[in-house]
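Q: Take a look at the letters that make up each chain.
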Amino acid sequence: MTIEIPEQPGSSRPAVTPGKQSKLAFLWSSLLHSWTGMTGFIIILLLLFLSLFGQWIAPFDPMHAEFSKKLLPPMTDGHLLGTDQLGRDILSRMIAGARISVIIGVMTVLIAGTFGTVVGIVSGYFRGWLDVVLMRIVDVQLSFPFILLVLVINAIIGTGLKNIILSLAIGGWVIFARVVRSEVLALREKEFITASVATGVPRIQILFKHILPNLFTPIIILSSLQIATYIIAEASVSFLGFGVQPPNPAWGNMLSEGKDYIFSSWWLITFPGVAIMITALGVNFFGDWLRDTLDPELKGE
Amino acid sequence: MKKGYFLAVLLVLSFVLAACTEGTAGDSESASDAKGEDGKQKDSIVIGFESDAATLIANSDVNYVTDAQIRSIYDPLIDRDGDTGEFVPVLAEEWENIDELTWRLKLKEGVKFHNGSDFNAEAAKFSIDYILDDANQSFYKSRWSDIKEVKVLSDYEVEIITSKPFPSLIERIADDLLIMDPVYVNDVGTEEASKKPVGTGPYEFVEWSRDNYLKLKAFEDYWAGPAKIKNVEFRYIPEFSTRLSAFVSGEIDMFKNVPVDSVEKIESDENSKIAETASARINYLALSTFSDGPMKDVKVRQAMNHAIDVDELLEAVLNGHGTKLTGPLSKINSGYTETDAYEYDPEKAKELLKEAGYDPESMELTLDTPNGRYPMDSQVAQAIAAQLQRIGITVNVQVNEWGAHLEKVRNREIKDMFILGWGPAFDAQSTIENLFTEAGPYSSFSEPGLEKKIYETNEMFDQDERYDGYAEIQKALVEQAAWVPLWQQSDMYAVRKDLDFKPKVDEKILPYEMSWEN
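Protein chains in written order, with the numbering used here: chain A, 1 to 301; chain B, 302 to 819.
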């Protein structure tokens, strides 16, 4: 039997074909040509920078309440964005909030992504009754609105940073499972996989050597889009009082505390609101660009 | 792409249009005009509430929102003066105490219910029995459980017999009891009567749309003369900022619980004013002795009292809207005794903590607070956390939704401290027995010796002895640092400028006593 076995699955996935160096260069040049992608990239960089070095940049202690200086409008007494109802510096609280947003977004994607991917691979590759059971669980969970599910889980396990990450992950893994499974289903029918099976390559090796590398692109795209979803979900949940607890700053609870001052002190609610919007926009821009660039097949979906 | 632009234009246009209609309705001048059509006097009022009444049947739900609304439909036997809290006869003309276990009430004659039937002693008996009947699951039941029997002596005379001395019976009658029509309730059943209430009050029921509004109209045959304002609507707007914009736009004429930071905004509006009174409701920081934490130690509790600067909280967080409280009771209470306040003294607080064996720098406490239930509650909690931080204590604030908060307090699940309010309270007994005994979780403080004293005093009949008893208890509670007293809440109402309205200490909102000036 003479069957040509393509060592690299490049024929089906052009994205993986180029070597590491050229791939980065390719991405960079593509990024330079897309203004949305670039905008998103810059916003994300800024966010990461703030979350990593924010505590040295912030002009004030985000937790320090100076009662005599409450509700100062922006640009007074060195408070660039003003102070809140307890006299805390809004800029410093927003920077600290950025860190919390990033931690929550990234941690949730890591947990939900890992778990969802494992379930998706098992389900898609091994099929059988396990697939049926797992996918029905996914179906049932998908029939609940995401934010409602997160709130219910939060109400049960309690509030706080760890619990909010956990509840977002419990609510979010299904998307990963679904997407990964459908990718695996398509992959396992490809010639290079059938060929490997025919030549007697062990299943585990097929899984790790051939299937997993080909999943990176969709997982990275999905992750980048999901981070935005989680950041917004965290803001919603904190807004409703289930998430990060005051006095710890999070954009969601800053928004919620500020809303009663909307008529008298607009800066309390405006700046965190704008921050949430810009972040969501940036991550979405970047995710869209990534999708268009890495996976031409998905274009237009 | 073209389609996209078209949609965008359409969207912008719809916003502009929406803003226009909002604008025209938002002009309070035109709203007032609409009410006083053709120069006629305004005869209706819309009052905004944060939530719906739980039920419209009397004597069931203790929530102030429910009570504030149904008090226009039902009359009490005895009411309280809006300023002093003293008793005022309503459907009961006289009451006397025959002996320690017997009370006699003489009722008003010639009062009619909205459906035409007569008010009499049967109605009074029925209303009390309604509370006592387990089938009705009244929240008032526990406060009335010492009632043995209500006897009808004649058409307009009832006798109440208690199973043990019940010196605060008149207080219970004034604060809880509303009179229902036994004929009507038995006819239609409690289910129907809780949707379509019938009482002897100044307003009769028109329409109730759950979570939307309750509409009432003046009862023309009201025994004290018909109301000046003929149509009343209670409208439910849960969110504060929405309530405020509804008020500013003239959609509602008044609402209660204006946050202190919005006072200026309302006062600057030429058609609006703020009506303010010191309420019979107190706010406090409870220190839980029910859980095994540092608060079990009296020195730690005293340290908390020294470390928290209530004056600063009042000034900084509440903009001065509140009256400082120094002991367990507010001045408005009949049994109030002056007690010494703990001075703000962070150094002394640190010393006391060290004596108790705690290092403030390594102490970590939790503070539970509701959000939006009391004036600035969660802000107060954060400010307290900031004050305790000054002596090195780390405080984790936990903000709870109101229902969950109350549940946590009742289930004694709160670790160290929590914020809660109590009231409207006028007598020493209800506050002290509900707050400082093992049975009452609302301050989560109890001390066996003191508890015995409380129960003894509750049964004292002699007014002077009783007063002295409660005075001693108050002093002991302060010495024990049972809690950190905060303040007497300030009730603030946003009101149309031309509405004649006087806020009452007991949070009642009675359109019957209001009128439009013009």
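None of these hints come from the bench; they were simulated from the model.
Check before you lean on any hint, since a few could be wrong.
Straight-line distance between alpha carbons at most 20 Å, and here's what the computed SDA-like set of lysine to any residue pairs gives [as the list claims (entries may be wrong)]: (1) Lys600(B) <-> Glu616(B); (2) Lys566(B) <-> Asp61(A); (3) Lys259(A) <-> Lys600(B); (4) Lys574(B) <-> Ser264(A); (5) Lys566(B) <-> Phe263(A).
Looking from chain A toward chain B, a few residues come up when the C-beta cut is under 10 Å (computed) [to be verified]: (6) Gly54; (7) Gln55; (8) His64; (9) Phe67; (10) Ala186; (11) Phe242; (12) Asn253; (13) Ser256.
Take a look, some chain A residues computed to stay more than 10 Å from chain B by CB distance [said to hold, decoys possible]: (14) Ile57; (15) Met63; (16) Ser68; (17) Leu86; (18) Leu91; (19) Asp131; (20) Ser196.
Only a predicted model underlies this, so the values are computations on that prediction, with no experimental measurement involved.
Think of the CB as a built atom: it goes at the ideal place given N, C-alpha and C, for glycine as much as any other residue.
Q: Are the hints correct? Go through all of them and say.
A: Here's how the hints hold up against the structure:
{"no.": "1", "hint": "Lys600(B) <-> Glu616(B)", "verdict": "27 Å, violated"}
{"no.": "2", "hint": "Lys566(B) <-> Asp61(A)", "verdict": "30 Å, violated"}
{"no.": "3", "hint": "Lys259(A) <-> Lys600(B)", "verdict": "40 Å, violated"}
{"no.": "4", "hint": "Lys574(B) <-> Ser264(A)", "verdict": "16 Å, holds"}
{"no.": "5", "hint": "Lys566(B) <-> Phe263(A)", "verdict": "8 Å, holds"}
{"no.": "6", "hint": "Gly54", "verdict": "21 Å, violated"}
{"no.": "7", "hint": "Gln55", "verdict": "18 Å, violated"}
{"no.": "8", "hint": "His64", "verdict": "8 Å, holds"}
{"no.": "9", "hint": "Phe67", "verdict": "3 Å, holds"}
{"no.": "10", "hint": "Ala186", "verdict": "33 Å, violated"}
{"no.": "11", "hint": "Phe242", "verdict": "8 Å, holds"}
{"no.": "12", "hint": "Asn253", "verdict": "8 Å, holds"}
{"no.": "13", "hint": "Ser256", "verdict": "9 Å, holds"}
{"no.": "14", "hint": "Ile57", "verdict": "23 Å, holds"}
{"no.": "15", "hint": "Met63", "verdict": "8 Å, violated"}
{"no.": "16", "hint": "Ser68", "verdict": "7 Å, violated"}
{"no.": "17", "hint": "Leu86", "verdict": "6 Å, violated"}
{"no.": "18", "hint": "Leu91", "verdict": "18 Å, holds"}
{"no.": "19", "hint": "Asp131", "verdict": "40 Å, holds"}
{"no.": "20", "hint": "Ser196", "verdict": "46 Å, holds"}
Checked against the numbered hints given earlier, the structure breaks hints 1, 2, 3, 6, 7, 10, 15, 16 and 17 and satisfies all the rest.
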